[in-house]
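K.L.:
Next come the chains, spelled out residue by residue.
2 protein chains.
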Amino acid sequence: MRSVTIGILGLGQVGAGTLRLLQERRAAIEARLGAALTVRRIAVRDPGRAREVEVAADLLTTDPRAVIADPSIDVIVELIGGIEPARALILAALRAGKHVVTANKAVLAECGAEIFAEAAARGRMVYFEGSVAGGIPILRSLREGLASDRIEAIAGIVNGTSNYILDAMTRSGASFADALRAAQDAGFAEADPTLDVGGGDAAHKLALLALVAFGARVDPHAIPTEGITGISALDIRAAGELGYLIKSLALAHDTPEGPCLRVHPTLVPRAHVLAGVAGAYNAVQVESRALGRSLYYGRGAGMMPTAVAVVSDLLEVARDLIAGVAPTTPPAVRAVAPASTAALEHEHYLCVHVPNLPGVLGRVATCLGRHGVSIARMIQDRAGAGPVPMIILTEVVAERAMQAALTELSTSPDLAAPPTRIRLLPAALL
Amino acid sequence: MRSVTIGILGLGQVGAGTLRLLQERRAAIEARLGAALTVRRIAVRDPGRAREVEVAADLLTTDPRAVIADPSIDVIVELIGGIEPARALILAALRAGKHVVTANKAVLAECGAEIFAEAAARGRMVYFEGSVAGGIPILRSLREGLASDRIEAIAGIVNGTSNYILDAMTRSGASFADALRAAQDAGFAEADPTLDVGGGDAAHKLALLALVAFGARVDPHAIPTEGITGISALDIRAAGELGYLIKSLALAHDTPEGPCLRVHPTLVPRAHVLAGVAGAYNAVQVESRALGRSLYYGRGAGMMPTAVAVVSDLLEVARDLIAGVAPTTPPAVRAVAPASTAALEHEHYLCVHVPNLPGVLGRVATCLGRHGVSIARMIQDRAGAGPVPMIILTEVVAERAMQAALTELSTSPDLAAPPTRIRLLPAALL
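Sequence order for the protein chains is A and B. Here the numbering used here is used: the first residue of the first sequence is 11, the next is one more, and so on. Here the numbering used here is used: the first residue of the second sequence is 11, the next is one more, and so on.
Chain A with its partners taken away, still in its complex shape (with noise of 0.2 angstroms):
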C-alpha cells in the first residue's frame, strides 16, 4: 500500500491526540484513503518523558531541523505552537518542499504573509483546520460547503476559556476573579490567562477566519479588540435580568472598503443559537448570500478534538498527494486594512455608578442626548447609600457616537467609576 510520510514537530497535547488518532484509526483512514498515514519521525523537547500515546522512542529526535531535512517525509506537521521557533521551522519546511499542517493560530496570524507566500512560491499547501475553533470543521465548510456562496458576516465564540469564564459567572454569580482562578483550577485556563482573556486569542482565529471567508489577510494587531476583563458580576446579573447573556463574540462583515472586524464582550438574547454555547465550546455563526444563517458547533480545543482537524487536513494533503493533484493555492496573500468600526450601529448595554441624589439620572440622560444616545430602558436600584449602579439599555447608535458620550461621561463628577459599556448583538446577526 502506498504510505504518505509524516514528521510531526511537537508532542504536546494535540500531538499526542494525533498520534493516537492516526494509531487507533489506523484501519478506517486506510480504508478511506486507500493508503497509510505513516509517521516517520517527531521532534521533541525532552524524548525521555512519560506522554498520552505510545510512540516509539526511535521516532523521536530533539532536533527539528532533521525531521525537515528528512526526504523521505511529505508533509510537516507544526504543534509546536507560538511564533518562534514555529514559524521559521514551518518556513524552513516549505523550502524543504514538504507540505505543512499546523494549528497554530498565532504564527499563522502575526506571519501569514511570509507563509503563504513562501508556500505560493513552493507550490506547497498549508492547511490549519485545527487553528480555529479545535475539531470544528469550520475552515473547510467556508471553504468548500459554501465555496459557491457570498459570506456577509461571521460571529464566533471562538476562545473557550472566555466562554467558560462567562459561563460560569453566569451560573453562579462569581466574580471575573473567581471565576478566572476556579477555570485556572480546572485547567480551562492557563496560568498566564492574558492572551485568553483579553481577546488576543479570538483577534487570532478571526484574523484566520477573515482570510478564509474574505480571501484578506488582517494584521491581528489591527483588529480592535476588548477582552471580558471589565465584566462584573452585576453586568451579567444586569443583562440576564434583561434577558441576555454576555458572551465573547469575534465579529466580521464584508464592506466594500474590506472586512469590519472586532472582537468584544456582546449581550446575546437568551433565546438566540450563540447563547445556548456554554462551557469551554466554540461556534461560529455565519451569515451568508444564498444560505443564509448557518452555525458550526464544538469543541474549540483539547487533545482530541484538535487532533480531529489536524488528521482532517492530513487526509485532504494525502488524497491530493496521491491523485498528484497540484496543490490547492493558498488563502490570498493580499494584505488588507479592516474597515473602520466608528460608523458600526449597535444598541448598548451602560452600566454607571452614581449618588442616589436628585438631578444625576437627568444629567447622565442629557450627556448622552447631546451625542444622540437615547435611552430605551433603564434600571437603577434605589437601595444603598454610596453610589448605586444605574443600568441604561440605548436605543441604536453608531459607535463614533457612542465613543463620544462615553468620554464625556467619564470625565463627570457624578460618576464614581467609568462606566461600563457592552454592545448589544447587531440586527443582523439576530
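Be aware that one or more of the hints could be misleading.
What the hints assert, rightly or not - What the simulated footprint calls covered on chain A by chain B, stretch by stretch (three residues with Cβ under 8 angstroms from a Cβ of chain B suffice, anywhere in the stretch; the number is not a length):
1. 34 to 43
2. 150 to 156
3. 280 to 290
4. 297 to 310
As the list claims (entries may be wrong) - Computed far set for chain B versus chain A, every beta-carbon distance over 10 angstroms:
5. ASP80
6. GLU94
7. GLY155
8. ASP229
9. LEU354
10. GLY369
11. PRO436
Hints in this document: simulated from the structure, not taken from any laboratory. Built from N, CA and C at the ideal position, the CB exists for glycine as well.
Chain B: place on chain A using the hints.
P.N.:
Quick look at chain B alone, frame taken from chain A:
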C-alpha cells in the same frame, strides 16, 4: 479556460437556485476552480413557464434522455425529486458515464442499493449534500471534517416543516391542525404534508446520514418512525411547564449489531442546543469519539440554501475531473438491518386523560409499576368535571417495558383516550 459541463434535470425551486448561483457566482467559482462550470442543457416539463432565473431558451428541452445522452456533458444534476422518473434517469446517467449530483433524498434512501451499485460498477460519483439538511454541509463534515473520527451518535432536526409547526404550536399555543394550516398558508408545508409530519422524510434523511456516518445502508421503511400528528397543544404546554420543548428528532447510534435508527418526537431540555433550533431551521448534533459533541445548523430547505449544497458537490466533482482523479468510492452498499430499539432506555412523558375520581391515579401507577415503569413526577389539573389530563414523567425505562405498559394502559376502562407518550432526549445526547 477548461470547462466542466453540466446537464440539469428539473428546473423547479432548487434547479432555478442552482442556475442562479452558477450565474451570479461565476467569477468566484472560476477563480476558485481554475475552470468554468458550464450548463449545457436543462430538461424541463414546460419550456414556456415563467421562472425565477434567466435562462436561454435554447438550453431547454423537454427530453431528459437527450440531456443524459449528450456526449459533451460531464455531470448530470438531478433535481426532479421523488422516485420515478428520477431513479431511472440517475441510473441512465451513470450508465452513460456521467457523474451525478442530486438533492433527492427519497430516491437515494429508497433505491440507494441500485444507484450506488451502478455508480461503483461504472466508476462514477454520486454526490448528495443537498439531500440532507439543505445547505448545511453536514455530509461533507462527516465525510471529511470528521474523517478520522468514529461517529457514535446523531440527533437531527432534519424536517423543517415539522420543526416549523412544533415551534408555532409552542409560541402560539395552537393545535396541530391549526398550526399545520398556518404553515401551509405560509408555504412551509405541502398541500399533502404526510411525508413531512408523518416522519417519512426524516427517515429518508436519517438513512442517508447513516450511510455516510456508519457506512451502512438501511431500508428507510425499517426505521421505527413516529410523526408529530399526535402532539397536542396540551402536550406542548405541559412539556414547557416541565422545562422542555418538543422537537421531532431523527436519532441514530452505532451498536455492535449495526446502527440503531428511529424518528420520533422528543422532549428536549430548554437549555439544550437543539432547543434553540427554531422555525424551519435544521440542525444535526453529532457525537463522535475524539471530537465529542459537534453541531451543524442552518436552513434545511429552500431554493438558494439547497442550491449552495448542489454547487458545492459540483465543485467537488469538477475538481476531481480536472485533476483526473479516480472517483471517490460511493458510500458502502453493505445493506444492514437496523438494530432493534427494544432495549433503548428513555425517560418518558405520558399524558393520560382520566376521570377525576378516587383510585384512578393508583390504578394508573400500579399498571405502570407492574411493567417496571417508575413515576418521577406527576402533574394533574384537578379542575373540570369530565376526564382530566394527568401528566407523568417516568424514570428511565426500556422501550420494551414501556410498550408493554402502554398496551395494558390502553385497555384500561379508566382512560378516555389512548395515552400519549413522548420520549425524553437520551442521557448520551444531553
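K.L.:
Confirm or reject each hint.
P.N.:
Comparing the hints with the structure gives:
no.: 1; hint: 34 to 43; verdict: holds (count 4)
no.: 2; hint: 150 to 156; verdict: holds (count 5)
no.: 3; hint: 280 to 290; verdict: holds (count 7)
no.: 4; hint: 297 to 310; verdict: holds (count 12)
no.: 5; hint: ASP80; verdict: holds, 23 angstroms
no.: 6; hint: GLU94; verdict: holds, 30 angstroms
no.: 7; hint: GLY155; verdict: violated, 3 angstroms
no.: 8; hint: ASP229; verdict: holds, 24 angstroms
no.: 9; hint: LEU354; verdict: holds, 25 angstroms
no.: 10; hint: GLY369; verdict: holds, 43 angstroms
no.: 11; hint: PRO436; verdict: holds, 19 angstroms
Figure legend: structure checked against the earlier numbered hints; the only hint not met is number 7.
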